[in-house]
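Please take these sequences and the hints and turn them into a complete structure.
Residue-level listing of the chains:
Number of protein chains: 2
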Amino acid sequence: MSVLSDKPVRLYDTTLRDGTQGEGFQLSLLDKLRIAERLDAFGIDYIEGGWPGSNPKDVEFFQEAKKLKLAHAKLAAFGSTRRADTPVEEDPQVRLLLEAETPVVTIFGKSWELHVTEVLRTTVEENRAMIRDTVAYLKKHGREVVYDAEHFFDGYKDSPEHALNALKAAAEGGADCLVLCDTNGGTLPGEVMEIAKAVQEAIPGVPIGIHTHNDCELGVANAVAAVKAGAVQVQGTINGYGERTGNCNLTSVIPILQLKMDLKVVPELEKLRDLSYFVDDVSNNPHFARAAFVGRTAFAHKGGMHVNAVQKLARSYEHIEPGSVGNEQNILVSELSGQSNILMKAEQLGIPLDKGSAEAKTVLQKVKELENEGYAYEAAGGSLELLIRRELGRYEKPFELKEFHTSFRQYRDGHEPVCEATVKLYVGDTGKYTVAEGHGVVNALDNALREALLPFYPEIATVSLVDYKVRIIDGHDATAAKTRVLIVSTDGTENWGTVGVSENIIEASWIALVDGIDLFLQRRK
Amino acid sequence: MSVLSDKPVRLYDTTLRDGTQGEGFQLSLLDKLRIAERLDAFGIDYIEGGWPGSNPKDVEFFQEAKKLKLAHAKLAAFGSTRRADTPVEEDPQVRLLLEAETPVVTIFGKSWELHVTEVLRTTVEENRAMIRDTVAYLKKHGREVVYDAEHFFDGYKDSPEHALNALKAAAEGGADCLVLCDTNGGTLPGEVMEIAKAVQEAIPGVPIGIHTHNDCELGVANAVAAVKAGAVQVQGTINGYGERTGNCNLTSVIPILQLKMDLKVVPELEKLRDLSYFVDDVSNNPHFARAAFVGRTAFAHKGGMHVNAVQKLARSYEHIEPGSVGNEQNILVSELSGQSNILMKAEQLGIPLDKGSAEAKTVLQKVKELENEGYAYEAAGGSLELLIRRELGRYEKPFELKEFHTSFRQYRDGHEPVCEATVKLYVGDTGKYTVAEGHGVVNALDNALREALLPFYPEIATVSLVDYKVRIIDGHDATAAKTRVLIVSTDGTENWGTVGVSENIIEASWIALVDGIDLFLQRRK
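Heads up: the protein sequence lines correspond to chains A and B, in order. Note that this note's numbering numbers the first sequence so that position 314 is 423, with each residue one more than the last. Note that this note's numbering numbers the second sequence so that position 504 is 613, with each residue one more than the last.
Careful: at least some of the hints might be erroneous.
Given that identical chains are not distinguished, each listed pair holds provided it fits within a single copy or across any two copies.
Distance condition first, Cα-Cα at most 25 Å in a straight line; then the derived SDA-like pairs of lysine to any residue [what the hints assert, rightly or not]:
1) Lys116 to Glu478
2) Lys464 to Glu546
3) Lys591 to His514
4) Lys511 to Arg632
No wet-lab data here; the hints were simulated from the structure.
Below, the structure written as structure tokens:
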């Protein structure tokens with residue numbers, strides 16, 4: 110199909126276009142450019158940047174994108190066929206596609222008679238002409254043309270003849286690839302395989318691709334079924350973002366193709382997890398912990414029995430080597446924990462415990478108590494380390510807190526709000542009483558605490574907060590509910606998570622803040 | 110297989126057992142009993158309550174569960190085969206299974222030689238005896254026995270002969286159903302179908318079931334493949350909770366079986382969404398917005414073009430009728446919105462707008478501005494209504510805010526923390542200056558605000574907060590990042606969501622709090 114590569118299957122990413130149709134998935138121009146560079150570096154073959162005809166941000170993207178130095182990927186501009194009863198050369202939306210100056214242009218057309226008559230409100234004949242003309246026009250201008258057959262499976266189930274005729278129009282126009290789209294996500298894998306085969310018999314010689322959605326939680330399965338049936342292009346998005354329930358999740362399809370079907374599609378699969386987190390971070394979306402392959406819990410073991418088996422033989426409860434996708438085994442500490450979890454965690458922390466020892470039991474007991482109060486150590490290894498250190502007497506109190514106070518005053522006369530915090534503490538016999546302002550209460554507390562400790566512990570100057578997360582544990586009695594705060598601190602080289610729980614967010618934040626600095630000081634001792 | 114029903118496929122729920130192996134999915138005894146009742150009412154055929162041999166909470170569950178009046182479902186106790194080299198009648202774990210006094214007992218055994226030798230550390234022959242003896246012993250005691258063949262697919266791929274022999278041992282023991290488990294979730298749908306067929310040829314006459322995991326995002330697809338191959342029992346969990354990436358998601362499999370494969374498995378599918386939310390609420394887990402069928406965005410339309418088409422013809426971008434699973438169409442307001450979204454939303458709010466009208470454009474413009482500041486109206490219809498009212502002059506200011514102040518003092522001498530808020534506002538020319546304490550800052554502010562307004566608007570006595578959510582929009586500069594607060598208020602009959610965004614959580618909460626009461630007063634006018 111293209112000069113691009115001899116890959117058995119090519120990856121077509123539409124995170125920047127279809128992905129942004131998803132709720133809460135918004136990208137600035139800069140975000141889009143950063144993601145495009147990452148996708149290229151990861152080895153994605155096609156990057157669909159946007160729909161110039163739909164909004165100015167996308168027009169701007171393609172102007173800026175010309176400056177990108179992509180090593181491997183081809184940029185694709187997305188759009189629709191010409192309007193009904195309009196010569197293609199006079200269609201402004203089609204002109205914008207050419208002005209994007211991308212090597213690839215992807216256009217979608219209608220395959221479902223229902224859409225032609227009810228939504229487009231034109232005739233079946235005109236629809237075919239719209240498809241044929243637009244593809245041919247873009248080919249004449251030297252573009253590689255990908256044709257997205259919207260609603261192909263629904264259209265085919267409604268009338269195979271009509272769906273195939275619409276698709277043939279694209280082939281007649283010279284399309285380089287015919288992409289079958291399960292736009293509404295309602296098709297089952299068996300149907301996808303059967304219909305994908307039928308298309309290749311009806312229209313031999315033109316490569317086909319697959320574009321699926323996750324409305325039945327089958328987006329990945331449908332893409333895999335199409336590849337088994339001969340599809341050579343897979344369209345999807347990173348982390349499955351997209352309209353409604355989202356698009357086919359490339360983050361799952363890629364390792365399946367490469368590890369389970371022996372189709373080499375990317376050079377460095379071990380960068381998959383980082384790519385997944387990168388897209389979440391750039392789009393300011395929380396990471397989905399249960400995500401296949403890349404999720405925080407994808408290789409997490411909680412049940413005592415499983416942990417025990419995994420210790421004997423990782424393969425016993427892991428379908429792949431976590432490192433192959435850049436992930437890692439994660440032993441969760443929780444009420445279901447056998448002692449094995451604590452022992453392994455302690456060993457990771459360099460504080461070996463003996464199985465069945467009194468210490469191990471005490472620590473486990475303490476963890477269970479605190480978890481009942483709402484603490485969660487799964488993402489707060491720092492607080493867990495402090496807990497183990499305290500229980501085992503491997504802890505020296507670096508300072509004695511006396512009191513803290515925060516004040517926030519909001520003026521309605523346009524005066525900036527004032528947020529202030531005071532901290533009173535002792536290091537040995539020396540007392541410190543400091544005050545500081547901040548962007549918010551927690552920031553002010555952080556500043557006041559540092560100011561109090563710096564004279565005694567100048568090394569904390571290197572410590573800073575990199576993440577702050579709030580979770581209401583019981584939303585039922587609203588603001589009186591318990592609040593769990595997770596903080597991630599860094600000293601520039603290492604990160605560690607700490608947790609605080611309280612009926613009010615300020616105290617919860619304070620507990621996590623103090624743990625973050627306390628742990629750093631313990632480790633320096 | 111059982112007297113239970115003439116259903117073509119029976120649903121086996123393990124939310125209460127395998128589900129609780131998932132991170133962050135913990136259930137109290139009461140939670141488990143409440144969920145069991147809901148599962149029964151929904152028409153689930155088998156409810157696996159827990160593993161009496163693994164923890165005391167589960168033993169207690171089965172004692173309490175005897176009092177449940179289940180209309181349809183059968184309770185199953187879960188456990189393992191007898192220990193190696195121990196007579197089954199002397200195995201305490203097996204005895205606990207009988208003492209659970211459930212009509213059904215499910216036991217798992219090893220199918221994978223690797224596990225037999227490396228994890229169990231016994232011989233292949235003893236493993237078969239363990240399976241055969243345990244099944245036969247439970248049958249002798251009158252139980253319906255479900256046999257979970259752990260790691261069956263991995264075992265079969267390693268050695269078909271060994272895997273089938275282990276499974277035959279269960280059949281010889283008299284198992285009522287042989288459940289093939291993809292314990293590590295690494296198997297593809299094609300393999301599942303092929304192996305499920307091979308099993309039925311090798312062991313004719315015994316019904317088979319399927320138990321899958323989602324490690325390749327194929328848990329649902331693999332269950333569907335097994336049903337196509339003849340499986341008559343599907344095991345899974347509500348919302349797919351479970352170890353690692355979770356179990357087969359019954360919330361997706363059920364509508365696929367019923368709506369796509371014409372297999373009637375539940376009497377009232379339209380209760381599916383409520384069941385999904387119920388399990389999230391009881392387990393204090395956030396609802397996954399992108400969940401297939403039941404997610405908040407499962408039928409959400411954001412792209413202007415799609416919204417436009419959906420207005421013409423819902424079927425054009427919806428694979429099923431949302432009401433059939435108890436869900437509903439949801440028009441999202443966002444930067445991608447065409448005017449259609451605003452128009453539909455306004456109409457839902459009873460404030461019709463004309464397409465292309467100046468008002469519609471102004472509102473859309475305002476929404477886009479605020480969304481760039483971090484606002485999100487998708488879950489805050491209340492704030493959107495206020496915005497539209499203000500833009501259209503359908504708004505009367507009920508009070509004028511002057512100033513507010515909050516103070517939080519934490520004492521380290523064991524004295525309870527003191528959290529106080531003051532509010533200064535005017536209603537007409539009358540000023541009010543109130544102070545109140547609270548569990549937390551927001552609670553204190555809420556109390557002070559109500560105290561100030563009650564004399565003027567006694568009707569707000571009926572208004573209260575039911576939910577309070579905090580989201581850090583940009584976690585990069587930690588506590589200085591922007592905070593989005595979502596509040597849900599109620600007057601006992603109706604709920605409405607409001608949103609506030611600010612660099613600090615107190616102001617963000619304040620904005621959402623005030624909007625919540627403001628909207629209530631506007632509607633009363």
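Indices of hints not satisfied (ascending): Failing hints, ascending: 1 and 2.
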